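If you read the protein sequences in the order shown, they are chains A and B. Under my numbering, the first residue of the first sequence is numbered 1, with each subsequent residue one higher. Under my numbering, the first residue of the second sequence is numbered 1001, with each subsequent residue one higher.
It is worth saying that the hints were derived from the structure and are not from the lab. What you are looking at is a predicted structure, and each value in this text was computed from that prediction instead of being measured. Be aware that one or more of the hints could be misleading.
As the list claims (entries may be wrong) - Stretch-level coverage of chain A by chain B, calculated; a stretch enters the list once three of its residues show a Cβ under 8 Å from a Cβ in chain B:
| id | segment |
| --- | --- |
| 1 | 41–47 |
| 2 | 102–112 |
Claimed, not checked - Derived DSSO-like pairs (lysine-lysine); straight-line CA-CA distance at most 27 Å:
| id | chain 1 | residue 1 | chain 2 | residue 2 |
| --- | --- | --- | --- | --- |
| 3 | A | Lys56 | A | Lys3 |
| 4 | A | Lys3 | B | Lys1057 |
| 5 | A | Lys56 | A | Lys68 |
| 6 | A | Lys41 | A | Lys104 |
| 7 | A | Lys37 | B | Lys1011 |
| 8 | A | Lys57 | A | Lys68 |
| 9 | A | Lys104 | B | Lys1057 |
| 10 | A | Lys68 | A | Lys3 |
| 11 | A | Lys37 | B | Lys1014 |
| 12 | A | Lys104 | A | Lys67 |
| 13 | A | Lys104 | A | Lys37 |
| 14 | B | Lys1011 | A | Lys68 |
| 15 | B | Lys1071 | A | Lys40 |
| 16 | A | Lys68 | A | Lys37 |
| 17 | A | Lys68 | A | Lys41 |
| 18 | A | Lys56 | A | Lys104 |
| 19 | B | Lys1071 | B | Lys1014 |
| 20 | A | Lys104 | A | Lys57 |
| 21 | A | Lys57 | A | Lys41 |
| 22 | B | Lys1057 | A | Lys37 |
| 23 | A | Lys3 | A | Lys104 |
| 24 | A | Lys56 | A | Lys67 |
| 25 | A | Lys57 | A | Lys67 |
| 26 | A | Lys40 | A | Lys3 |
| 27 | A | Lys57 | A | Lys3 |
| 28 | A | Lys40 | B | Lys1014 |
| 29 | B | Lys1071 | A | Lys104 |
| 30 | A | Lys3 | A | Lys67 |
| 31 | A | Lys56 | A | Lys40 |
| 32 | B | Lys1057 | A | Lys41 |
Ideal Cβ positions, reconstructed from N, Cα and C, are used throughout, including at glycine.
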Amino acid sequence: EDKVVQSPLSLVVHEGDTVTLNCSYEVTNFRSLLWYKQEKKAPTFLFMLTSSGIEKKSGRLSSILDKKELFSILNITATQTGDSAVYLCAVYSGGGADGLTFGKGTHLIIQP
Amino acid sequence: DTGVSQDPRHKITKRGQNVTFRCDPISEHNRLYWYRQTLGQGPEFLTYFQNEAQLEKSRLLSDRFSAERPKGSFSTLEIQRTEQGDSAMYLCASSSLTTPLARSSYEQYFGPGTRLTVT
């Protein structure tokens, strides 16, 4: 059974801090890993990673994948209160159920 | 707005009643997914369609659940004889499968969800 584990489950930091969110996975026939941001609504897409060692970057957010060690990290620099959300990691394996397998998410709170 | 839409956004029903939700995907997307999300958990895959064909069903989808996508456009998810354990957010997502290795095929775009409360 595919498994995605995120850590920490919750994190409270001050505005301006840098945070690193972790995602490890065990899946058959790995295809891609995706990061989503979820506020009080549906998840919104952030990144999709398919190759090891290639950093994806969007503004203050960046992510990288290690397919050998089976994990990914999501970095947020110079955090702002608007970054407060649940960050979900999901893996598409292409085997068994064809949907995404999600982790439980990291609940990030940015204090002013 | 050309995103994924879902209707209704909220539904309160009594145990034992049937409910039906609708999802309208992004118009050019041929893949449509249903997920269920409970508090403190990530979304859990339920089923997906490629065009009108239902290609996969999770074991989470009991016999009381049925989904259709009759013309390959919108989809409906029906829950019969609802139970309190069915209370959750039901999310719909869509993606575009152009070729088997197309980058865009794995980027799923989510709708706002239908929050179901069974009393």
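So, going through the hints one by one against the coordinates:
1. 41–47: holds (count 5)
2. 102–112: holds (count 4)
3. A:Lys56 x A:Lys3: holds (23 Å)
4. A:Lys3 x B:Lys1057: holds (18 Å)
5. A:Lys56 x A:Lys68: holds (18 Å)
6. A:Lys41 x A:Lys104: holds (16 Å)
7. A:Lys37 x B:Lys1011: holds (24 Å)
8. A:Lys57 x A:Lys68: Distance ~21 Å between A:Lys57 and A:Lys68 Cα, so the pair holds.
9. A:Lys104 x B:Lys1057: Between A:Lys104 and B:Lys1057 the Cα gap is close to 21 Å, so the pair holds against 27 Å.
10. A:Lys68 x A:Lys3: holds (16 Å)
11. A:Lys37 x B:Lys1014: Judged against 27 Å, a Cα distance of about 32 Å means the pair is violated.
12. A:Lys104 x A:Lys67: Holds. A:Lys104 to A:Lys67 sits at ~20 Å (cutoff 27 Å).
13. A:Lys104 x A:Lys37: Distance ~12 Å between A:Lys104 and A:Lys37 Cα, so the pair holds.
14. B:Lys1011 x A:Lys68: violated (44 Å)
15. B:Lys1071 x A:Lys40: At roughly 31 Å apart (the allowed maximum being 27 Å), A:Lys40 and B:Lys1071 break the hint.
16. A:Lys68 x A:Lys37: holds (25 Å)
17. A:Lys68 x A:Lys41: Violated: A:Lys68 and A:Lys41 sit about 34 Å apart, past 27 Å.
18. A:Lys56 x A:Lys104: Measuring from Cα to Cα gives roughly 22 Å; hence the hint holds.
19. B:Lys1071 x B:Lys1014: violated (31 Å)
20. A:Lys104 x A:Lys57: Measuring from Cα to Cα gives roughly 23 Å; hence the hint holds.
21. A:Lys57 x A:Lys41: With Cα atoms ~24 Å apart, A:Lys57 and A:Lys41 stay inside 27 Å; holds.
22. B:Lys1057 x A:Lys37: holds (26 Å)
23. A:Lys3 x A:Lys104: holds (10 Å)
24. A:Lys56 x A:Lys67: Judged against 27 Å, a Cα distance of about 15 Å means the pair holds.
25. A:Lys57 x A:Lys67: holds (18 Å)
26. A:Lys40 x A:Lys3: holds (25 Å)
27. A:Lys57 x A:Lys3: It holds: about 25 Å lies between the C-alpha atoms, which stays within 27 Å.
28. A:Lys40 x B:Lys1014: holds (25 Å)
29. B:Lys1071 x A:Lys104: violated (34 Å)
30. A:Lys3 x A:Lys67: Cα-Cα ~15 Å, so holds.
31. A:Lys56 x A:Lys40: Satisfied, since the Cα-Cα distance of roughly 25 Å is no more than 27 Å.
32. B:Lys1057 x A:Lys41: Judged against 27 Å, a Cα distance of about 24 Å means the pair holds.
Comparing the model with each earlier hint shows violations of hints 11, 14, 15, 17, 19 and 29; every other hint is respected.
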